[in-house]
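Colleague: All chains, full assembly: derive it from the sequences and hints.
Residues in the sequence shown are numbered from 1 upward in steps of one, following UniProt numbering.
No lab work stands behind these hints: they were computed from the structure.
Careful, some of the hints might be misleading.
Claimed, not checked - Ranges between beta-carbon positions, derived for each pair:
#1 A215 with D55: 18 to 28 Å
#2 A137 with R173: 27 to 37 Å
#3 H88 with L5: 14 to 24 Å
#4 W151 with V110: 30 to 40 Å
#5 R173 with T119: 52 to 62 Å
For glycine and all other residues, C-beta sits at the position ideal for the given N, C-alpha and C.
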Amino acid sequence: MTSDLFIAQLALYAPLTLPTLYLLYSHGRHGLFAWLYLLAFCVLRVTGAAMGLNDPHNAGTQIISSIGLSPLLLSIDGMSKSKNNISHILIAFMALIHVLVTTGVAMIAVGAGGLLGDTPKGSDLSDIKVGMVLLEAAWVVLVLWGLWALWNGRGEGWKSGGKRGAPAGLAGREGVLLLTGTLIALPLVEISVICMLVAEFTQRADLNLTTESLAVRAVLGFIPELLAAIVLVFVGIMTRGQGQGRRHRHAHRHRRRPSSKHGARLHSRSH
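Modeller: As structure tokens, then:
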């Protein structure tokens, strides 16, 4: 990756951390995982760019470039937790995705660290390949969840307006926007995942992180990832009232709830 792309990465992702921090606050605990992972993704990209400008061939730079995509997948997964209702099936999907991504990142980091070390082993490349396959599997699970939610939402959630029978989180405008953002971001992320997967299995020099051309890296990695992050931020801003609404409703219920002592006094007066 050339220094020009590192500069662009630093110049674009650093400002993107500011609205992500705002979304982390405005969505509250219900959107914690979505925006915390997106913030981690932006920070990793900024860190990788800063290290790359200092030394493009630094081992840490290449490892960060390899694993930096994983927080973006987890951010998309976390968007489902910021919805109104969470079903047991959805919880199982999210747990599976976390296991796949965490295991995949660990194997990629171990393999990349071994290949860039003084004594690389044949198993290091195999670890990276398995890790990339696990990330691809996590993407497939996310797509299956999105299609399932879309299929169920058309018949129930979008028309129910928040009825109990609606599928997880599709009730209301926020659920539709979150699902739409997820389905837009997923194909963009897949471009980078497929590029990295093909690069590891074919060992093509034009797709390698250290030898690929500026155009290939920009079109197949930098631009799709940036667009996916921008889509998530845009959807987060459009649905930021969801977390604020929850806090207002919780505060309203808390103010209206009578204390136990007050209730006891009223009971004693009635007698």
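Colleague: For each hint, tell me whether it holds in the structure or not.
Modeller: Right, here's what the structure says about each hint:
Taken as a hint, the range 18 to 28 Å holds for the pair A215 and D55, whose Cβ atoms sit roughly 23 Å apart. The hint said 27 to 37 Å for the Cβ distance between A137 and R173, and at roughly 32 Å that hint holds. In this structure, H88 and L5 break the distance hint of 14 to 24 Å, their C-beta atoms being roughly 44 Å apart. Taken as a hint, the range 30 to 40 Å holds for the pair W151 and V110, whose Cβ atoms sit roughly 38 Å apart.
At roughly 56 Å, the beta carbons of R173 and T119 sit within the given window of 52 to 62 Å.
Taken one by one, the earlier hints fail for this structure only at number 3.
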